[in-house]
Every structure is written in structure tokens, then in C-alpha cells.
Amino acid sequence: MRKGWLLCVLLGTLSWGQAAPGTPRPAPPAPGADKPPAAQADTSASVPDNAPVITVKGVCAPQPKTTAAKGTAAKPAAAAKTPPADCKTVITKAEFETLLKAIPNANPQAKRNIAGRIPMFIAWSNEAKKQGIDKTPQFAEMMKFAKMQILTSGLQQKVQEDAANVPEGAITDYYKKNPEAYEQYSLERMFVPRTKQAEAEAKEEEKKDEKPTEEQMKAKQAEEKAKQEANEEAMSKLAESLRARAAAGEDFTQLQKEAFDAAGMKIQSPTVSMPNVRRTGLPPAHVSVFDLKPGEVSQVINDAGGHYIYKVKSKEQLSLDQVKDEIRRTLQGQRQREAMDKINNSFTVEKNDAYFGPEQAGMPGAPRMPPPRMAPAPNAPVAPAPQGGIGQQPSPQMQTAPPAQAPAPPPAAKPN
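Numbering (the working numbering), first residue to last: 29 to 444.
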């Protein structure tokens with residue numbers, strides 16, 4: 029009986045802890061403050077399962093009602109005004125860890141927080157039962173809602189656990205159907221700015237206190253536009269020229285310096301090397317680079333940032349063993365999304381607008397249950413959608429790919 033009552037209290041603690049706001053982060057220590065002591069070794073494994081880990085003195089579990097003999101009425105026990113001296117509630121390690129299993133990724137700090145809340149909940153819930161709060165209609169309705177929340181959380185955890193059981197055969201099939209996703213390249217990339225940097229105007233060109241007329245402003249704008257277009261055309265021609273020289277075998281680093289010099293940018297040691305690049309590592313407009321053979325140079329790729337020229341230095345096919353964990357995470361995300369979508373798409377919602385009021389434009393509709401989040405693995409790009417694979421890609425929050433190595437303009441430099 030005591031364990032059943034205690035389990036209810038622990039589950040109540042879990043529900044409250046999930047709804048409670050997060051503890052604010054402590055302020056950073058002031059400069060010169062003493063360093064915090066080193067973390068002590070975890071000794072929890074040495075504690076036996078039946079050993080008490082929390083003892084709450086002064087609170088007893090509710091006692092079962094005494095059964096009267098046949099023909100006699102049971103006399104209700106008089107409520108004690110004060111608890112007996114030996115009254116206490118003991119929580120063992122096994123009971124406490126049963127609670128922790130219901131909390132995903134409970135770290136040592138979470139364990140301490142829960143251990144700090146449990147005694148208060150035990151005492152308050154015990155007093156609430158004495159006052160009959162658990163017999164009220166409001167309590168019954170709240171328990172219905174709490175039960176739905178706990179069941180939903182339990183289903184989410186089960187879906188995540190089921191999705192993690194990816195068959196080895198599915199991993200092998202995915203690898204065979206998507207070989208291009210596991211090709212790795214070593215590239216060189218040259219960037220040619222779209223236009224030249226603006227030159228500083230001579231101070232004597234225009235007096236500060238002289239306000240130009242409307243005609244003068246229009247003429248100046250037309251002149252600047254023509255100059256901008258001429259600069260862009262010149263840089264486009266330069267990009268084509270540098271591409272031809274790169275294809276002829278000239279050094280990419282030297283050609284990159286020439287591109288920056290022509291744009292009026294002073295960068296002494298430009299970086300052109302891009303090792304270990306996967307198909308997820310370049311923007312979609314640049315993926316044609318992966319169709320090249322080692323030693324080949326791409327055509328000029330133009331976009332809003334400027335002109336780009338690539339050279340493939342080497343190409344290798346990653347082995348199944350190298351990417352097995354990555355594929356497992358990808359398929360786990362897909363399986364998880366499919367299971368969640370199946371449940372979310374199994375129902376529709378109709379609401380009484382006379383009661384709730386009509387939905388306003390831009391307001392979200394009925395919420396759908398998001399998938400449980402998985403801990404991202406470092407440096408694990410997500411493969412592109414499979415050809416005849418097992419489902420859609422996981423949602424953005426499930427993906428574990430690092431940011432694509434998107435082309436970006438070179439760092440700011442001083443004009444010549």
C-alpha cells in the first residue's frame with residue numbers, strides 16, 4: 029500500500045516538474061571570484077537498490093481502513109492530532125529511479141531538483157488527502173486531463189524508442205540506393221566579386237555646402253548606374269578569363285589574388301581549399317560541381333554574391349561502416365515522422381465558433397504533436413531524400429546536418 033501511494037506522489041511530482049518554469053540561470057561569477065570546486069565523482073552506482081535515498085520525517089502513508097468482524101460495525105479510527113514519533117516516508121533508490129526513467133535525459137542537476145521537490149509534494153499531498161481534496165469533482169476532472177498528458181508523453185517516448193530500432197537491412201538498402209549522398213570531395217573554389225569596390229571620391233570634387241539641383245542629382249545617378257554596370261560587366265569577363273586559365277592548369281590561389289586585386293580588395297592569403305565536402309555542403313545552385321571528375325574545372329557559376337569557379341581535386345566513396353550511424357539517425361527521423369504523422373492525420377477537429385469565436389487571419393489552427401527531439405550528432409550531414417526510400421525527410425528540428433558551406437563574399441578589405 030505504501031509503495032502504491034508513493035508512486036502516485038512521484039508521478040504527480042513528474043507532472044508538476046514538467047509544467048513548472050525553468051530555473052533561471054545563475055549570474056556569471058564576478059572577475060577574480062574563486063573558481064568553483066571540481067565536480068565530485070558519481071558514486072550513485074555503489075548505492076544498493078533498496079537503500080533509502082530520501083527520508084521525509086513527520087509524514088506517514090495513509091493507513092488502510094480496518095475491517096470489522098461480521099455483525100459489528102467498523103469504528104473509524106480517530107485522527108491523530110500529531111503524527112507519531114516514528115512517522116516517516118522512505119523512498120528507496122529503486123523507487124526514485126523508477127521516476128527518473130519517465131524523464132528523458134535526466135542529468136544530475138535534474139535529479140537534485142526532483143529530490144528537493146519530492147518532500148514538499150509528499151507532505152502537501154498527504155495533507156490534501158486528509159482534507160478530502162482528492163474526493164472533489166474538480167480533482168477528478170484535473171486527473172482526467174493529467175492522465176491524457178501522461179499518456180501522450182508516454183506514447184511519444186514509445187514512438188521514439190520504436191523508431192530507434194532501425195533494421196540493419198534498411199541501413200544497407202538506404203546506402204545502396206543513395207551512393208551519391210556518401211561521396212566526399214576535396215575542392216578548390218575561386219570567388220570573383222560581382223563588382224569593384226567603390227573608389228573614394230576626391231574631396232575637391234564637390235563642396236559640402238553646395239546643394240545639387242534635381243537635374244544634377246539625376247545626372248549623377250545615371251552616371252553611377254552606368255559605372256556600376258560597366259564594373260559588373262568587367263568582373264564577369266574577368267571571371268570567364270580566370271576560369272579559362274584555371275582550366276589550363278594555373279594555380280587557384282594566385283588566380284584568386286588577381287580577382288581580389290581587380291576588385292580593389294587587399295587580401296594577402298586567400299583561402300581556396302575546401303576539403304571533405306559532401307553534397308549537402310554546397311548550395312543547390314552549385315551541386316553541378318559534383319558531376320565533375322577529379323582535375324576538371326567547373327564553368328563559372330553566377331549568383332547574387334558574385335562568380336564562383338570550382339576545381340575537383342579528389343573524390344572518394346565513404347564506406348558503409350563510416351556512415352552507418354548517420355544513416356541510422358536519418359532513418360530513425362523518418363520512421364519517427366511517419367509514426368507521428370499517422371496519428372496526427374487520423375483525426376480532424378471541428379470547433380463551435382459561437383463559443384470560441386471565429387479564428388482570425390494568421391492565427392494557428394489545431395496544434396499537431398511534434399516528434400520528440402533527438403540529440404544531434406556532431407558533424408553528421410543528413411543524406412538527401414532517398415530514391416525509392418522509406419519516407420519523407422524528418423522535420424527541420426530532427427535533422428542533424430551541419431550548415432551548408434554556402435558561398436559568402438570574402439571578408440571586408442580596404443580599397444586600393
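Just so you know, these hints were derived from the structure itself, not from any lab.
A couple of the hints might just be wrong.
Said to hold, decoys possible - Quick list of simulated restraints, FRET-style, between CB atoms:
id, residue 1, residue 2, range
1, Gly144, Glu169, 41 to 47 Å
2, Asn380, Asp349, 28 to 34 Å
3, Lys121, Thr376, 53 to 59 Å
4, Gly144, Gln388, 41 to 47 Å
Claimed, not checked - Okay, derived cross-link-like pairs now, DSS-like style, lysine-lysine, Cα gap no bigger than 27 Å in a straight line:
id, residue 1, residue 2
5, Lys265, Lys239
6, Lys204, Lys321
7, Lys205, Lys224
8, Lys294, Lys253
9, Lys129, Lys205
10, Lys204, Lys224
11, Lys285, Lys255
12, Lys186, Lys121
13, Lys186, Lys175
14, Lys172, Lys85
15, Lys186, Lys341
16, Lys253, Lys239
17, Lys352, Lys341
18, Lys265, Lys224
19, Lys224, Lys248
20, Lys157, Lys186
21, Lys116, Lys163
22, Lys172, Lys379
23, Lys205, Lys85
24, Lys186, Lys158
25, Lys157, Lys172
26, Lys224, Lys186
27, Lys163, Lys186
Beta carbons are placed, not taken as given, at the ideal position from N, Cα and C, and that holds for glycine.
Comparing the hints with the structure gives:
At about 29 Å, the CB distance of Gly144 to Glu169 disagrees with the hint of 41 to 47 Å. Range check, Asn380 to Asp349: about 58 Å between beta-carbon atoms, so the 28 to 34 Å window is missed. Between Lys121 and Thr376 the CB atoms are about 47 Å apart, so this pair departs from the stated range of 53 to 59 Å. Range check, Gly144 to Gln388: Cβ separation about 43 Å, and the 41 to 47 Å hint holds.
Distance check on the hinted pair: Lys265 and Lys239 sit about 38 Å apart at the alpha-carbon level, beyond 27 Å; violated. For the hint pairing Lys204 with Lys321, the CA-to-CA distance comes to about 21 Å; that is within 27 Å, so the pair holds. Restraint check for Lys205 and Lys224: not satisfied, since their Cα atoms lie roughly 46 Å apart, outside the 27 Å limit. For the hint linking Lys294 to Lys253, the alpha-carbon distance of about 25 Å falls within 27 Å, and the restraint holds.
Annotation: proposed proximity of Lys129 to Lys205 is violated, straight-line Cα distance about 38 Å (limit 27 Å). Annotation: proposed proximity of Lys204 to Lys224 is violated, straight-line Cα distance about 47 Å (limit 27 Å). Using a Cα cut-off of 27 Å, the hinted pair Lys285 and Lys255 holds, with the two alpha carbons roughly 23 Å apart. This hinted pair checks out: Lys186 and Lys121 have alpha carbons roughly 24 Å apart, not beyond 27 Å.
For the hint pairing Lys186 with Lys175, the CA-to-CA distance comes to about 16 Å; that is within 27 Å, so the pair holds. The hinted pair formed by Lys172 and Lys85 fails the criterion: a straight-line CA distance of about 31 Å is larger than 27 Å. Only pairs whose Cα atoms come within 27 Å are accepted, and Lys186 paired with Lys341 is rejected, the gap being roughly 46 Å. Between the alpha carbons of Lys253 and Lys239 the distance comes to roughly 21 Å, so the proposed pair stays at or under 27 Å and holds.
Distance hint between Lys352 and Lys341 is fulfilled; the C-alpha atoms sit about 26 Å from each other, no more than 27 Å. With a C-alpha separation of about 13 Å, the suggested pairing of Lys265 with Lys224 holds against the 27 Å cut-off. Between Lys224 and Lys248 the alpha-carbon distance is near 18 Å, which keeps this suggested pair within the 27 Å criterion. Taken as a hint, the Lys157 and Lys186 pair is broken in the structure, with Cα atoms around 33 Å apart against an allowance of 27 Å.
Only pairs whose Cα atoms come within 27 Å are accepted, and Lys116 paired with Lys163 is accepted, the gap being roughly 24 Å. Among the hinted pairs, Lys172 with Lys379 is consistent with the structure: their alpha-carbon atoms are about 21 Å apart, no more than 27 Å. Proximity of Lys205 to Lys85 is assessed by CA-CA distance (about 63 Å); at most 27 Å being required, the pair is judged violated. A C-alpha spacing of about 36 Å is found between Lys186 and Lys158, which places the hinted pair above 27 Å, so the restraint is violated.
Of the pairs offered as hints, the one joining Lys157 and Lys172 holds, with about 18 Å between alpha carbons and a cut-off of 27 Å not exceeded. For the proposed pair Lys224 and Lys186, the alpha carbon gap of about 59 Å is over 27 Å, so the pair is violated. With a C-alpha separation of about 32 Å, the suggested pairing of Lys163 with Lys186 is violated against the 27 Å cut-off.
Checked against the numbered hints given earlier, this structure breaks hints 1, 2, 3, 5, 7, 9, 10, 14, 15, 20, 23, 24, 26, 27; the rest are met.
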